[in-house]
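Go ahead and model the full structure; you've got the sequences and the hints to work with.
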Amino acid sequence: MYSTTEQIRGVAPSVCMANPTCQPKKRTGLGLSTKGLLLITSLRVQIHKANLKMKHQSSIANDVIHRCAQKLGVSVEKLVEEFEAGWKQEIGDYSRKLVEFCCSKALTVECPHIQEKIIDGSFSRLTFDMMLAWEMPTSQDEESHMEQVGKGREDRKLPANVPEEQDDIPLFYTDLMPLLVNEEPSIGEDAFVWLGSLVPLVVDVVNGRFAFETLTAPTGHRLFFPGYKKFLQEIDKCIKHLQKHAKPKGVELADDEFILHVEGTASSQRVVRHVGGTSWPGRLTLTNYALYFEAMGVITYDDALKIDLSKNISHTVKPAATGPWGAPLFDKAIIYESPEFSEGIVLEFPEMTSSTRRDHWLALVKEVMLMHQFLSSYNVECPIQAWEMHARTISGIIRLHAARELLRISPPSPTKFLIFALFDELPKGDYVLEQLAESLKKVNSGHPCSACSILRTMNMSQSVLPGVEVEAVGKECTSASGQDDIPSSLESAIDQVREEAKEVEIAKATTEVLKEDGIGESATVLMELLKPLENVVPWFQDVVSWRRPATTLTMIVASLVIIYKEWVGKAISAGLLWLVLKMILARYGRSQDKCNEVVVCSGSNQKTTMESIVAAQFGLKNVHEMMQLANISILKIQSLIHAKARKQADVVMAAMTVLAIILAVVPLKYMLIAITLHSIIITSKLGRHFRNAQGNRRLKEWWDSIPIVPIHVVEDASQCPS
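The letter at position 304 of the sequence shown is residue 384 when you use my numbering, and the numbering goes up by one with no holes.
Bear in mind the hints are in silico, worked out from the structure with no lab data behind them. This one's a predicted model, so the numbers in the text were calculated from it and none came from an experiment. Incorrect hints may appear among the rest.
Dumping the calculated DMTMM-like pairs for lysine to aspartate or glutamate here, alpha-carbon to alpha-carbon at most 20 Å [to be verified]:
no., residue 1, residue 2
1, 324, 485
2, 716, 730
3, 151, 162
4, 310, 196
5, 386, 336
6, 177, 677
7, 398, 383
8, 310, 269
9, 386, 337
10, 309, 209
11, 588, 677
12, 309, 388
13, 177, 316
14, 327, 388
15, 329, 316
16, 508, 575
17, 197, 316
18, 329, 383
19, 177, 196
20, 309, 336
Per label pair, the in silico range of CB-to-CB distance [said to hold, decoys possible]:
no., residue 1, residue 2, range
21, 436, 462, 33 to 39 Å
22, 706, 436, 43 to 49 Å
23, 268, 136, 18 to 24 Å
Positions of the beta carbon are idealized from the N, C-alpha and C atoms, including for glycine.
Shown next as structure tokens:
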């Protein structure tokens, strides 16, 4: 709709506002009086003043501001004056702040009717244009964008070096998202997250950057209007689909409890619960408070087993493997463990190839558990704040369902669209949750664009907060964005987590190769990595056996001085500083260039196959002998402790009594000095004259004379002692 002046002039709004010298001409057919002409002239002057203030706005920003004014039923100049009344010049960025202000005001009018607006497509078009206007608020931004678009089109005209057999890509092997691309301008990550600060339906500001990166990976990390519109439509479909599900049998859901995911029905894939050696197919339902499993009966489902996820107890959920007779063959299950159940509850999600379904359910269950842990850890007792967090969690799960519909061939990582499951696994994610708890104190659930209000508008909840009076909405917006801006502390914490997450991902990518190796390859790599220690052991043997007299004497003197002066801490600190010096020398000596790759030789040119088998047999025999020796030693010690060998036990008790008296009387450092001198001297030539072979023989005979407790092996488990 054009204004009165523009209708009289018969020109478009942009033309009239761009020409301040134009004057309305008198037309006999209109019959306007002088007073009417003066009124029109005054209106033209006001429009001209507003136009002077908006002369640096881009065309899309001008269009969005006019549409916002039309939604609000006010003139553009009045909207600008209202913005300038609260805008301070030192803040800067006039154009973008004006766009933010107008958009936030208009969305407060749109959000109460958001579901109808999504269905007819007007909400998608308006909010997408808002993001474009925010990304290109000034004419300079628009010109720069047009130059980039033109350069991109020129680049696409160049012939691509693609083989003919790879030129045609079958569309039925690709996701839906890459097909939802057109020639219109696209939006970036920052604009997408900014919209989340106004309307937390499409994205949440906490995990918005991670969600955008995952959603737009097939389209070059740019979001186009067809994809954005389809994403909103899928969100609306998902909400309507969840409302159609039947409640679990034999369970009464709470007023603020809502179904978030269901599988195991006739129209979905199977879910199987394993109890010991038996398996029970059934229906699995997840809500924002609990997990319900209904075993399938002959005609209908049995009463649901409730797994309460909201209790503040030490319960865990983790991936598990199942198979016939309990064998861990198929890694497609989750296990829930809690003090309330005597054994873990195992739920399997069968599928042919990957474990995508299991990962999806695992992320959703963890998200609900972590949300309640968050509310408990940060003492969020206010019902309004708690439900706002519930609403944001529910919205995140709905967005994940919608994204899976757009990316069916390569399903996205579930945690990227969730809040708590994401920051639980990211480095320093707890910092973000701390800032989230602080920002939650400033939430206004009565605002029409809050997560709570949007879910209520879309009929996701009817009586959300029973007994709680929510503050009335009809207040003027105080900030430039209509709501509280994203706290700088929260934004900086998210940016820090993103940077560190990228470093961790790069580091983890280097370890994936080793995780895929088998036992043989892992053993070969370990032996290769331990090769540098082969030189340390012979050197230590030479020092102890006096083959290096100078080094041995130095070690003796240093050890005695450290023990006598009680400089153990200083010696450890000196060793650490020596390691630091070695690392610095390695850095500046370019030794890291020599360690770019570790070469491991898996071939064996020295031994034949038969020799390798014989060597393996000898190695197995040695391991067996060591195990037998360990068992015998433990049983002999038990005989001494329980006085089964009375004579030998008397000797041990007498020796331990004498040792206790010596340790009580003689300072420990003198004991350590004596032990050190004895250990060194006994290996020297002088010590050979003091060796008592007869004493060693008597000690061995005494050890062999200790009988062991007899061992009785039974195969029946019922005969085993409890």
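Right, here's what the structure says about each hint:
1. Restraint check: the Cα-Cα separation between residue 324 and residue 485 comes to about 18 Å, which is no more than 20 Å; the hinted pair holds.
2. For the given pair, residue 716 sits about 14 Å from residue 730 by alpha-carbon distance, which is consistent with the 20 Å threshold.
3. A C-alpha spacing of about 16 Å is found between residue 151 and residue 162, which places the hinted pair at or below 20 Å, so the restraint holds.
4. For the proposed pair residue 310 and residue 196, the alpha carbon gap of about 15 Å is at most 20 Å, so the pair holds.
5. Among the hinted pairs, residue 386 with residue 336 is consistent with the structure: their alpha-carbon atoms are about 17 Å apart, no more than 20 Å.
6. Between residue 177 and residue 677, the direct Cα distance comes to roughly 52 Å. Violation of the 20 Å bound is thereby established for this hinted pair.
7. A hinted pair counts as satisfied when its Cα atoms are at most 20 Å apart, and residue 398 with residue 383 does not qualify at roughly 25 Å.
8. This hinted pair checks out: residue 310 and residue 269 have alpha carbons roughly 18 Å apart, not beyond 20 Å.
9. The suggested pairing of residue 386 with residue 337 holds, with an alpha-carbon distance near 13 Å, which does not exceed 20 Å.
10. For the hint linking residue 309 to residue 209, the alpha-carbon distance of about 12 Å falls within 20 Å, and the restraint holds.
11. About 16 Å separates the Cα atoms of residue 588 and residue 677, which keeps this hinted pair within 20 Å; it holds.
12. For the hint linking residue 309 to residue 388, the alpha-carbon distance of about 36 Å lies beyond 20 Å, and the restraint is violated.
13. The hinted pair formed by residue 177 and residue 316 fails the criterion: a straight-line CA distance of about 30 Å is larger than 20 Å.
14. At most 20 Å may separate the alpha-carbon atoms for a hinted pair to count; residue 327 and residue 388 meet this at roughly 16 Å.
15. The suggested pairing of residue 329 with residue 316 is violated, with an alpha-carbon distance near 27 Å, which exceeds 20 Å.
16. Taking the CA atoms of residue 508 and residue 575, the gap is about 11 Å. The hint holds against a cut of 20 Å.
17. Restraint check: the Cα-Cα separation between residue 197 and residue 316 comes to about 11 Å, which is no more than 20 Å; the hinted pair holds.
18. At most 20 Å may separate the alpha-carbon atoms for a hinted pair to count; residue 329 and residue 383 meet this at roughly 5 Å.
19. Taken as a hint, the residue 177 and residue 196 pair is broken in the structure, with Cα atoms around 29 Å apart against an allowance of 20 Å.
20. Between residue 309 and residue 336, the direct Cα distance comes to roughly 29 Å. Violation of the 20 Å bound is thereby established for this hinted pair.
21. Checked against the hint of 33 to 39 Å, the pair residue 436 and residue 462 passes, with Cβ atoms roughly 38 Å apart.
22. For the pair residue 706 and residue 436, the beta carbons lie near 45 Å from each other, so the given range of 43 to 49 Å is met.
23. Take residue 268 and residue 136: their Cβ atoms lie about 21 Å apart, and the range 18 to 24 Å holds.
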